[in-house]
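Trainee: Here's the letter readout for the chains.
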Amino acid sequence: MSQKTYREAIRDALREEMLRDELVLIMGEEVGVWGGTYAVTRGFYGEFGGKRILDTPIAEEAIIGAAVGAAMGGLRPVAELMTINFSLVAMDQIVNNVAKIHSMFGSQARVPLVIRTPAGWGQLAATHSQSFEAWFAHVPGLLVVMPATPYDAKGLLKAAIRSDNPVMFIEHARLYGVKGEVPDAEYTLPIGVSDVKRPGRDVTIVSYSRMLHVALGAAEELAKTGIECEVVDLRTLRPLDMAPVYDSVEKTHRALILEEDWTTCGMGAEIAARISRYRFDSLDVPVERMGQVEVPMPYAKNLEELMFPDEKSVAQKVMEMVA
Amino acid sequence: MASTSPSRVSVEEAAGINVTAEEALDWFRKMSLIRRFEERAEEAYGQGKIGGFLHLYIGEEAVAVGAMAALRPEDDVITHYRDHGYVLARGIEPGRVMAELYGKATGLSKGKGGSMHMADVRRHLWGGYAIVGGHIPVATGLALANQYRNLPQVVACFFGEGATNTGTFYAGLNLAAVWKLALIAIVENNRYGMGTAFERVSAVGDVYRKASAFDIPGVKIDGNDVLAVRDAVHRMAERSRAGGGPQLIEAMTYRFRGHSMGDPQRYRTREEVEEAKARDPIACWRRTVLENDLATEAELQKIRDEVEAEVEEAVQFAENSPAPDPSELYNDVLVSE
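So the sequences go chain by chain: C and E.
With positions in the first sequence counted from 1, the corresponding number in our numbering is that position plus 356.
With positions in the second sequence counted from 1, the corresponding number in our numbering is that position plus 556.
Calculated from the structure, these hints are not laboratory results.
Hints should not be assumed to be uniformly reliable.
Chain E stretches covered by chain C per the calculated footprint, using a threshold of three residues with CB under 8 Å from any CB of chain C [unchecked claim]:
#1 657 to 671
#2 687 to 699
#3 813 to 823
Cβ-to-Cβ under 10 Å is the rule here; a few derived chain E residues that face chain C [to be verified]:
#4 M674
#5 D676
#6 V677
#7 R705
#8 N721
#9 G723
#10 G728
#11 K736
#12 F754
#13 V757
#14 V760
#15 P773
#16 V775
#17 A865
Only pairs whose alpha carbons sit at most 25 Å apart, straight line, appear in this in silico SDA-like list of lysine to any residue [said to hold, decoys possible]:
#18 E:K736 with C:E660
#19 E:K736 with C:K514
#20 E:K605 with E:T576
#21 C:K673 with C:E660
#22 C:K514 with E:L890
#23 C:K407 with E:R797
#24 C:K407 with E:V734
#25 E:K736 with C:E378
Remember, it's a predicted structure, so these values are computed and weren't measured experimentally.
Cβ coordinates follow ideal geometry from the N, Cα and C atoms, glycine included.
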């Protein structure tokens with residue numbers, strides 16, 4: 357085991373897969389000479405050259421469209437969208453081509469493509485601070501992965517690159533510096549498997565990506581007061597692995613879903629619906645959701661800080677649920 | 557090197573490209589097949605046997621047939637949604653195409669694509685795409701894969717003039733030009749995007765001039781002349797194959813039918829349509845064939861009879877094929893891993 361940052365874990369996954377399979381190539385804005393806007397692909401241009409590290413124009417529809425064609429044509433592209441906000445420019449490609457080609461041509465073509473893109477915020481105002489994971493998780497034909505830890509990020513990215521299906525691999529800008537244990541030996545993790553990150557008996561907190569860390573922080577604080585939260589990390593948003601959530605709710609009888617997205621039609625809505633449908637009799641209190649305030653992101657720092665649940669507000673909500 | 561042989565017409569002296577009687581008849585057969593196939597599809601649509609959209613290619617047959625004649629079997633083809641002509645021109649069994657229109661299990665895409673999504677990947681036909689301009693960057697990617705793998709094939713990307721006003725046209729061809737990919741963009745200019753005349757909505761009326769935005773060659777040709785199409789595509793494809801980067805061809809043609817079924821065609825006059833029909837690509841080619849003694853009237857009639865039978869057989873195949881099994885609903889969404 358080594359201590360690695362989330363960024364390093366992703367970089368290692370990309371590098372290992374590029375060394376393993378020469379059909380893997382990376383394309384996107386600033387992935388080459390610049391070394392990646394978030395420095396994930398630093399050094400790759402020198403190591404792998406311009407044939408495999410393709411700098412593109414700022415044209416997301418061309419990045420994803422070309423990655424689709426390259427994937428159909430036998431390559432295994434990893435396309436980077438600088439931030440998830442820019443995926444909107446490529447939405448037609450993602451929804452109508454990436455997700456549909458295998459189905460609408462009756463399995464004649466495959467699109468083994470990974471789209472890497474970070475969510476995140478930090479005084480970036482309304483158009484550069486969004487979380488669209490639920491939009492992608494809505495679409496049959498896509499796999500959607502959103503890891504929270506270096507270990508999960510590396511193992512899931514390697515699995516995504518090896519998958520014959522298209523994968524939206526959503527990172528988080530505020531996690532790149534987060535450290536965690538990563539095995540030195542080769543490993544992959546299965547896509548579509550949730551993971552219990554902290555066992556507990558009183559309340560189930562379901563989360564993913566950056567909010568998982570908020571959940572774990574709140575759980576740590578609550579433990580000091582004798583309230584034990586079980587924290588389930590979804591890791592993959594499509595397909596959803598609900599089994600660990602159901603098992604947990606059977607034990608705790610309480611579920612809180614914590615997401616960074618707006619809650620209306622967000623991941624939490626889906627998870628709450630499934631818990632209500634399949635573990636209705638286990639629930640002692642209504643399923644709760646916490647997420648972003650439903651306004652466009654303001655620039656001012658003090659206002660931005662009010663946008664998301666934090667450890668304190670999560671702990672408060674849990675205490676209300678067990679009261 | 558003007559040809560004097562009655563069985564050959566010299567079409568490009570410098571390159572010495574000629575058309576043989578065999579080719580001439582093959583093109584006549586394929587254009588006639590597309591025409592008759594679509595007339596029967598139109599009938600079937602009227603009988604409620606084909607649903608959804610049905611965008612007919614009637615009047616534009618010379619573009620698909622001429623282009624496919626110029627391309628090699630391993631060259632990649634990707635198209636827009638008015639796509640029946642391309643698959644038939646590539647020699648795919650009409651029965652499987654008709655079965656796809658009927659939504660049958662024996663269709664090219666097992667009945668999951670329909671009229672707008674015809675594909676036969678084994679024959680390098682990467683499918684019809686129905687968001688205007690959306691497949692142009694995908695063509696760029698196919699060409700990137702060929703370049704990356706050192707494969708000699710070119711990608712032929714077909715779309716209508718309407719697509720040249722989209723962002724994906726610009727973004728896709730720009731990237732293809734930057735990477736010097738073997739891609740030929742074949743723009744079928746049938747003058748209307750649905751019911752809107754091109755000159756009403758495009759700042760530049762000549763599509764071929766838009767090639768200058770990418771600093772690539774662009775030519776305008778008579779898209780109703782199958783030989784002109786074959787020659788232009790051949791020339792552009794060979795230039796592209798030899799490392800010349802992307803090329804653009806604007807093939808002037810005309811759609812005799814409405815945009816899709818149920819188009820009242822208020823945007824053009826009957827006279828305009830009749831005038832265009834006077835330049836019917838099949839009639840024109842028939843005349844050329846006869847004038848150059850490439851075939852006799854009887855031989856052409858025999859081909860038409862054979863095409864009639866072939867289309868009838870395709871219809872029967874579609875009629876007699878089973879609908880997809882209900883269990884198929886859940887298949888093909890993801891690759892099983």
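Trainee: Against this structure, judge whether each hint is valid.
Mentor: Now the hints, each set against the structure:
no.	hint	in the structure
1	657 to 671	holds (count 7)
2	687 to 699	holds (count 11)
3	813 to 823	violated (count 0)
4	M674	holds, 9 Å
5	D676	holds, 7 Å
6	V677	holds, 4 Å
7	R705	holds, 6 Å
8	N721	violated, 14 Å
9	G723	holds, 6 Å
10	G728	holds, 6 Å
11	K736	violated, 13 Å
12	F754	violated, 22 Å
13	V757	violated, 20 Å
14	V760	violated, 20 Å
15	P773	violated, 21 Å
16	V775	violated, 24 Å
17	A865	violated, 28 Å
18	E:K736 with C:E660	violated, 45 Å
19	E:K736 with C:K514	violated, 31 Å
20	E:K605 with E:T576	violated, 39 Å
21	C:K673 with C:E660	holds, 20 Å
22	C:K514 with E:L890	holds, 18 Å
23	C:K407 with E:R797	holds, 19 Å
24	C:K407 with E:V734	holds, 13 Å
25	E:K736 with C:E378	holds, 21 Å
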